[in-house]
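There are 2 protein chains.
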Amino acid sequence: MSSGIILWFTGLSGAGKSTLSQELVRYFEDNNDRVELLDGDEVRTNLSKGLGFSKEDRDTNIRRIGYVARLLARNGVVTITAAISPYRDIREEIKAQALREGTHFVEIYANASLNALIERDVKGLYRKALSGDISHFTGVSDPYEHPLNPDVEVKTDSESVQESVRRILNYLHNRGYLESTT
Amino acid sequence: MSSGIILWFTGLSGAGKSTLSQELVRYFEDNNDRVELLDGDEVRTNLSKGLGFSKEDRDTNIRRIGYVARLLARNGVVTITAAISPYRDIREEIKAQALREGTHFVEIYANASLNALIERDVKGLYRKALSGDISHFTGVSDPYEHPLNPDVEVKTDSESVQESVRRILNYLHNRGYLESTT
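Chains A and B are the protein sequences, given in the same order. For what it's worth, our numbering labels the leading residue of the first sequence as 16, then goes sequentially. For what it's worth, our numbering labels the leading residue of the second sequence as 16, then goes sequentially.
Here chain A stands alone, though its shape is the one from the complex (with noise of 0.2 Å):
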């Protein structure tokens, strides 16, 4: 694998990036690469406790995931976020800041319409979040902006976990991220 790439989730709660995530993980180590996971609610824990979900005190959370990937990517480490990071404008200002440091920048859209998860809800927050019990959740009582352009976009609701998989790898083969031809 190369050196200095960021790959970058998007996408509302539940539409499977941490899942995703954590099969890239189990690629990357198979393939003997170094290879993190900053995982949104791990994350919130070590760098963002006391912040809450305003639109600034997103914005700062998902700077600070952003600082962490791009100082792993840039030393050869495959970095994998897998926070909401519902703002565009903040997760393009990440993406300029990696590429004008030479580190790949892949965002990567986990679509699934909100219908699919309402129904799915497999950790019963959607209906807390319907019915007001938890409050500012995003896609719901809070706004999520969707990439405009993404380097992958997968459709977590219609395809499978490998499928969505398989996407990503040849994407990142296709631009040449990957070394081997594995």
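Derived from the structure by calculation, the hints contain no laboratory data. Owing to the predicted nature of the structure, the values given are computational and were not obtained by experimental measurement. Incorrect hints may appear among the rest.
Identical copies go unnamed one by one, so any copy, or any two together, can satisfy a pair.
As the list claims (entries may be wrong) - Each computed EDC-like pair below joins lysine to aspartate or glutamate, with the alpha-carbon atoms no more than 20 Å apart:
#, residue 1, residue 2
1, Lys70, Glu107
2, Lys143, Glu44
3, Lys138, Glu108
4, Lys110, Asp48
5, Lys64, Glu108
6, Lys170, Asp136
7, Lys64, Asp74
Chain B: place on chain A using the hints.
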């Protein structure tokens, strides 16, 4: 250079943490090692904006530096931190976490007497702290808990930068943390 090492400076403002860190960065760069310096001010900007200087906020800041340092070090990056990190318990906590993960952790005490620092006062900060223009200033109006048993102690008020650097590198060499004998 072996993978997985954190060089953790602690010491008062002006005691030479940044200067020594930068010298070490140069050494490792010349050696073609991957190296990152997490400097106190830079990290405050990127990870801890909004935090103050209470023990609780300082601890949070230092824990964040520790988190990022561990992420980098476990990916083979020589990671140097140069924040004051005034509290013993948090330094010990991070050291324990690092060791548990198989990362070497070297606590380096940049020791200069308060009198020497007040006399030198390169940035004029001690004057302001003593007159009360700056509050919560470590060593003057805020606690500093020096290490009881640092891995390396450099006496920056009586030895030259090059002597201190040599002392640190000798320690690393003797412990087998440097692969080559450069």
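So, going through the hints one by one against the coordinates:
no. : hint              : verdict
1   : Lys70 <-> Glu107  : within (15 Å within a copy, 36 Å between copies)
2   : Lys143 <-> Glu44  : neither (36 Å within a copy, 52 Å between copies)
3   : Lys138 <-> Glu108 : neither (31 Å within a copy, 33 Å between copies)
4   : Lys110 <-> Asp48  : neither (22 Å within a copy, 26 Å between copies)
5   : Lys64 <-> Glu108  : between (23 Å within a copy, 18 Å between copies)
6   : Lys170 <-> Asp136 : within (17 Å within a copy, 60 Å between copies)
7   : Lys64 <-> Asp74   : both (14 Å within a copy, 12 Å between copies)
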